[in-house]
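Undergrad: Take a look at the letters that make up each chain.
There are 2 protein chains.
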Amino acid sequence: MQKTDLLDKLQEIVGNERVSASAAELYCYSFDASQVRGMPEFVIRPVSTAQVADVVRLAWEKGIPVTARGAGTGLAGGSVPVEGGIVLDMSSMNRIIEMDFDNLQVVVEPGIVQEKLNLALEPYGFFFPPDPGSSAMCTLGGLIANNGSGMRSVKYGTTRNYVLGLEVVLADGTVINTGSKTIKSVAGYSLTDLFVGSEGTLGIVTKAILKVRALPRERSVLLASFENPELAGKAVVKVLSSGIVPSACEILDSNIIDAINTYDPKVGLPRAGAILMFEVDGTESAVREGIAMIEDACSSLATGIRAATNKKEREEIWAARRLVGAAVSRLDPMRTRVYVGEDIGVPIKEIPRMLHKVSEISEEFDIPIMTYGHIGDGNLHTGMCIDVLDDKDWEKLNKAADKIHRTAISIGGTVTAEHGVGGARAEYLELELGKALDVMILIKKALDPKGILNPGKMGV
Amino acid sequence: MQKTDLLDKLQEIVGNERVSASAAELYCYSFDASQVRGMPEFVIRPVSTAQVADVVRLAWEKGIPVTARGAGTGLAGGSVPVEGGIVLDMSSMNRIIEMDFDNLQVVVEPGIVQEKLNLALEPYGFFFPPDPGSSAMCTLGGLIANNGSGMRSVKYGTTRNYVLGLEVVLADGTVINTGSKTIKSVAGYSLTDLFVGSEGTLGIVTKAILKVRALPRERSVLLASFENPELAGKAVVKVLSSGIVPSACEILDSNIIDAINTYDPKVGLPRAGAILMFEVDGTESAVREGIAMIEDACSSLATGIRAATNKKEREEIWAARRLVGAAVSRLDPMRTRVYVGEDIGVPIKEIPRMLHKVSEISEEFDIPIMTYGHIGDGNLHTGMCIDVLDDKDWEKLNKAADKIHRTAISIGGTVTAEHGVGGARAEYLELELGKALDVMILIKKALDPKGILNPGKMGV
Numbered sequence: 001m002q003k004t005d006l007l008d009k010l011q012e013i014v015g016n017e018r019v020s021a022s023a024a025e026l027y028c029y030s031f032d033a034s035q036v037r038g039m040p041e042f043v044i045r046p047v048s049t050a051q052v053a054d055v056v057r058l059a060w061e062k063g064i065p066v067t068a069r070g071a072g073t074g075l076a077g078g079s080v081p082v083e084g085g086i087v088l089d090m091s092s093m094n095r096i097i098e099m100d101f102d103n104l105q106v107v108v109e110p111g112i113v114q115e116k117l118n119l120a121l122e123p124y125g126f127f128f129p130p131d132p133g134s135s136a137m138c139t140l141g142g143l144i145a146n147n148g149s150g151m152r153s154v155k156y157g158t159t160r161n162y163v164l165g166l167e168v169v170l171a172d173g174t175v176i177n178t179g180s181k182t183i184k185s186v187a188g189y190s191l192t193d194l195f196v197g198s199e200g201t202l203g204i205v206t207k208a209i210l211k212v213r214a215l216p217r218e219r220s221v222l223l224a225s226f227e228n229p230e231l232a233g234k235a236v237v238k239v240l241s242s243g244i245v246p247s248a249c250e251i252l253d254s255n256i257i258d259a260i261n262t263y264d265p266k267v268g269l270p271r272a273g274a275i276l277m278f279e280v281d282g283t284e285s286a287v288r289e290g291i292a293m294i295e296d297a298c299s300s301l302a303t304g305i306r307a308a309t310n311k312k313e314r315e316e317i318w319a320a321r322r323l324v325g326a327a328v329s330r331l332d333p334m335r336t337r338v339y340v341g342e343d344i345g346v347p348i349k350e351i352p353r354m355l356h357k358v359s360e361i362s363e364e365f366d367i368p369i370m371t372y373g374h375i376g377d378g379n380l381h382t383g384m385c386i387d388v389l390d391d392k393d394w395e396k397l398n399k400a401a402d403k404i405h406r407t408a409i410s411i412g413g414t415v416t417a418e419h420g421v422g423g424a425r426a427e428y429l430e431l432e433l434g435k436a437l438d439v440m441i442l443i444k445k446a447l448d449p450k451g452i453l454n455p456g457k458m459g460v
Numbered sequence: 001m002q003k004t005d006l007l008d009k010l011q012e013i014v015g016n017e018r019v020s021a022s023a024a025e026l027y028c029y030s031f032d033a034s035q036v037r038g039m040p041e042f043v044i045r046p047v048s049t050a051q052v053a054d055v056v057r058l059a060w061e062k063g064i065p066v067t068a069r070g071a072g073t074g075l076a077g078g079s080v081p082v083e084g085g086i087v088l089d090m091s092s093m094n095r096i097i098e099m100d101f102d103n104l105q106v107v108v109e110p111g112i113v114q115e116k117l118n119l120a121l122e123p124y125g126f127f128f129p130p131d132p133g134s135s136a137m138c139t140l141g142g143l144i145a146n147n148g149s150g151m152r153s154v155k156y157g158t159t160r161n162y163v164l165g166l167e168v169v170l171a172d173g174t175v176i177n178t179g180s181k182t183i184k185s186v187a188g189y190s191l192t193d194l195f196v197g198s199e200g201t202l203g204i205v206t207k208a209i210l211k212v213r214a215l216p217r218e219r220s221v222l223l224a225s226f227e228n229p230e231l232a233g234k235a236v237v238k239v240l241s242s243g244i245v246p247s248a249c250e251i252l253d254s255n256i257i258d259a260i261n262t263y264d265p266k267v268g269l270p271r272a273g274a275i276l277m278f279e280v281d282g283t284e285s286a287v288r289e290g291i292a293m294i295e296d297a298c299s300s301l302a303t304g305i306r307a308a309t310n311k312k313e314r315e316e317i318w319a320a321r322r323l324v325g326a327a328v329s330r331l332d333p334m335r336t337r338v339y340v341g342e343d344i345g346v347p348i349k350e351i352p353r354m355l356h357k358v359s360e361i362s363e364e365f366d367i368p369i370m371t372y373g374h375i376g377d378g379n380l381h382t383g384m385c386i387d388v389l390d391d392k393d394w395e396k397l398n399k400a401a402d403k404i405h406r407t408a409i410s411i412g413g414t415v416t417a418e419h420g421v422g423g424a425r426a427e428y429l430e431l432e433l434g435k436a437l438d439v440m441i442l443i444k445k446a447l448d449p450k451g452i453l454n455p456g457k458m459g460v
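Chains A and B, in that order, are what the protein sequence lines are. The first sequence: position 334 = 334 (full-length UniProt numbering), numbered continuously. The second sequence: position 121 = 121 (full-length UniProt numbering), numbered continuously.
Treat each hint with caution, since some may be false.
Treat identical chains as interchangeable: a pair holds within one or across any two.
[Stated by the list, open to error] Here are the simulated lysine to any residue pairs, SDA-like style, with alpha carbons at most 25 Å apart:
no.: 1; residue 1: K207; residue 2: I409
no.: 2; residue 1: K211; residue 2: V245
no.: 3; residue 1: K403; residue 2: G157
no.: 4; residue 1: K403; residue 2: M137
no.: 5; residue 1: K234; residue 2: L215
no.: 6; residue 1: K435; residue 2: N177
no.: 7; residue 1: K266; residue 2: T309
no.: 8; residue 1: K445; residue 2: V175
Just so you know, these hints were derived from the structure itself, not from any lab.
Required output: the full structure, derived from the provided sequences and hints.
TA: Structure, rendered in structure tokens:
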């Protein structure tokens with residue numbers, strides 16, 4: 001089929017104004033926030049499930065790759081069309097279809113932005129807990145495709161825990177529904193769980209039934225300072241294994257502390273080898289109890305403990321945490337933060353060991369590594385900054401990232417706790433998953449025998 | 001292959017004393033607690049993953065069905081070998097391999113009994129939350145295969161929420177590992193979630209990494225009485241949508257109340273159209289707050305509210321709840337409780353409607369239906385008793401159960417919230433799941449192309 005014929009057919013399905021084929025527009029869809037690149041041939045902006053199904057069916061017939069994209073905030077190239085073909089920009093399908101608070105549920109289209117959903121829920125006293133750093137931009141479809149999470153997953157879990165059901169367009173254009181509004185069912189395989197986190201390689205999500213939670217009445221924040229990250233890691237093991245469930249448990253190492261204090265001096269984080277930021281939410285008395293228990297658990301290991309006494313101070317602390325991504329790049333104006341090897345996860349009790357290994361790797365490859373992240377989940381974000389015009393810096397970065405990945409795997413961890421595999425980390429899946437990767441490939445072949453859905457991703 | 005040759009080979013793998021082929025022994029494996037029946041040719045009691053893998057590989061080569069079985073407490077025939085072949089009795093693989101409390105995890109073999117695991121955890125201050133009525137007998141393997149839950153799932157979720165990783169023997173005898181001790185990972189499809197709840201049709205679980213939780217410091221129980229089940233259902237919607245998370249939320253209808261009071265008069269449940277039993281757990285103050293909030297939410301709908309003032313009263317109330325299964329059969333000595341159509345689930349806000357429909361169905365088919373169950377999850381157990389020697393009673397029972405199933409599906413519910421599909425409910429999956437059933441079949445064919453794993457179950 002000629003490209004112009006295909007363009008005609010696509011325009012027939014979604015209308016002329018919803019198809020892009022100009023080089024300038026295509027370029028905008030050729031990357032995300034990772035180093036993965038790939039140029040699409042067409043970008044389609046569907047407005048309905050029927051349009052998605054028709055486009056996918058056409059792609060199936062012609063054997064053309066189809067890659068779904070939300071806001072393009074991904075850090076692994078999950079939405080980048082590495083084998084060309086069609087990009088489905090789902091951002092126009094962004095409605096809240098139903099607010100069903102008697103069932104503690106909402107039904108949404110995948111293009112809705114996380115923060116917009118939460119702004120719509122807030123007046124009713126509810127929220128959707130998964131809160132990645134990109135909340136202000138990322139879409140629910142992206143969260144579902146990557147099983148996204150964020151700071152509060154230590155208490156609230158990941159996106160998976162909030163997806164009750166999905167409408168999915170399969171590789172041949174068939175539309176199926178998985179799950180339902182019934183919160184507990186064992187009728188059949190958990191296809192919902194299979195599609196969540198499959199990064200658009202098995203189907204394209206066009207609708208989701210999500211659980212929401214009642215907003216907590218109260219929150220409180222505690223900062224604990226430590227001589228070094230390993231001691232902070234030990235404190236985390238102690239807090240969590242004593243049964244406390246904080247609503248956030250974050251680590252900032254000394255470089256990150258400096259970066260934040262440099263970026264915004266009025267934040268004034270205490271100087272320390274590492275800081276743990278704990279948040280507890282719930283009723284007033286539960287929060288008071290939780291904070292006291294954390295203080296108690298940390299006291300023998302910390303050099304200082306400071307509780308946020310009021311809402312303003314609490315918000316300043318979280319604002320500081322949210323600055324990290326931007327602040328990292330401010331440490332040295334000649335260097336740029338590059339997202340490679342940045343999302344490892346390890347078992348909780350291996351955190352001190354992994355933190356120690358990271359500092360060894362930093363020395364070995366002579367590259368500064370700043371560590372922050374959701375330490376309460378064992379999820380560490382290792383930030384590396386390089387001169388992006390220097391090939392040797394790239395080499396150091398890639399070698400350090402490779403070693404970080406292999407070290408995480410060797411101690412029972414993962415190369416990606418929340419950012420996704422995409423094209424960036426696919427090469428490690430065989431090492432991490434072993435023969436389970438073969439099962440993934442069998443499933444991929446069964447559901448997408450022509451391999452048109454987001455090819456080149458996740459090692460399948 | 002001759003049956004005697006096969007027997008020789010099986011004896012070679014597991015030793016003579018771990019193979020049964022006598023009619024008397026085989027009979028014991030031909031049923032569970034449902035109406036599904038099927039006679040195996042061999043029963044094997046493996047003690048290691050290697051033995052399971054060798055048996056499955058042999059079965060794969062010869063095309064012989066293999067059905068795994070835990071304690072046989074299932075209510076849907078999941079462990080019944082309806083197409084004959086080999087039953088793998090997993091109850092000898094019952095070790096706790098590791099207690100890893102720094103990670104809040106345990107590693108177990110599938111044959112361990114739920115209650116034994118919890119007794120082993122208790123001295124350390126931890127527990128494994130899923131608690132089906134059969135806790136004293138059922139195995140973890142059965143819980144995993146069925147994604148079992150029970151009374152506390154309204155707060156703690158189902159077995160799925162506690163399985164971090166599995167060792168699984170696939171249809172051809174390959175052993176894979178899914179997941180790990182790392183609590184958050186997005187590296188690959190969630191195969192763990194695919195195997196959980198797949199009832200042994202995709203692989204046989206030989207090891208599991210499970211999350212455990214710290215035992216709550218305090219519990220409290222509240223009984224609320226209502227004029228009828230529909231009003232109780234409305235109270236449940238009100239409690240849950242106001243953000244309260246009780247650790248149990250159970251309903252007993254008037255028949256069940258009578259049955260319990262008849263079975264054990266000293267329990268002395270209040271006579272009412274329906275009773276809701278709420279439990280709240282957590283810290284002392286959180287429990288006090290939770291109970292007060294539930295009391296408040298129920299006050300305008302209930303005819304009476306009674307809080308258990310001490311541990312003894314609380315335990316008596318739960319003992320009464322646990323009596324239900326036995327008590328149901330005491331109402332009429334000529335009738336026997338039959339587990340058919342007993343496990344529907346509906347969206348929370350449809351509970352009052354479903355309860356009303358159940359009473360209509362009871363009248364239409366002239367069969368008493370007693371309702372109890374985990375109403376906080378929308379999960380209703382409908383108990384029917386018949387004279388099992390009377391064909392007409394069976395006919396009424398089956399018709400009523402069929403209508404209960406179809407009604408649940410028609411209002412967005414499920415035919416099985418926690419007991420499983422097995423052979424008992426497979427016929428409803430197409431109606432409930434639509435084209436998603438085709439995806440299940442594709443996955444089944446991809447992972448078990450010869451169809452040897454638990455054939456005749458789940459509609460695949």
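Undergrad: Look at each hint and say if it fits the structure.
TA: A quick look at each hint next to the structure:
1. K207 <-> I409: between (34 Å within a copy, 20 Å between copies)
2. K211 <-> V245: both (20 Å within a copy, 14 Å between copies)
3. K403 <-> G157: Answer is neither: 28 Å inside a copy and 37 Å across each miss the 25 Å cutoff.
4. K403 <-> M137: Answer is neither; intra-copy 31 Å and inter-copy 47 Å both fail.
5. K234 <-> L215: between (31 Å within a copy, 22 Å between copies)
6. K435 <-> N177: between (30 Å within a copy, 8 Å between copies)
7. K266 <-> T309: within (17 Å within a copy, 52 Å between copies)
8. K445 <-> V175: For K445 and V175, both the intra-copy (18 Å) and inter-copy (20 Å) Cα distances are at most 25 Å.
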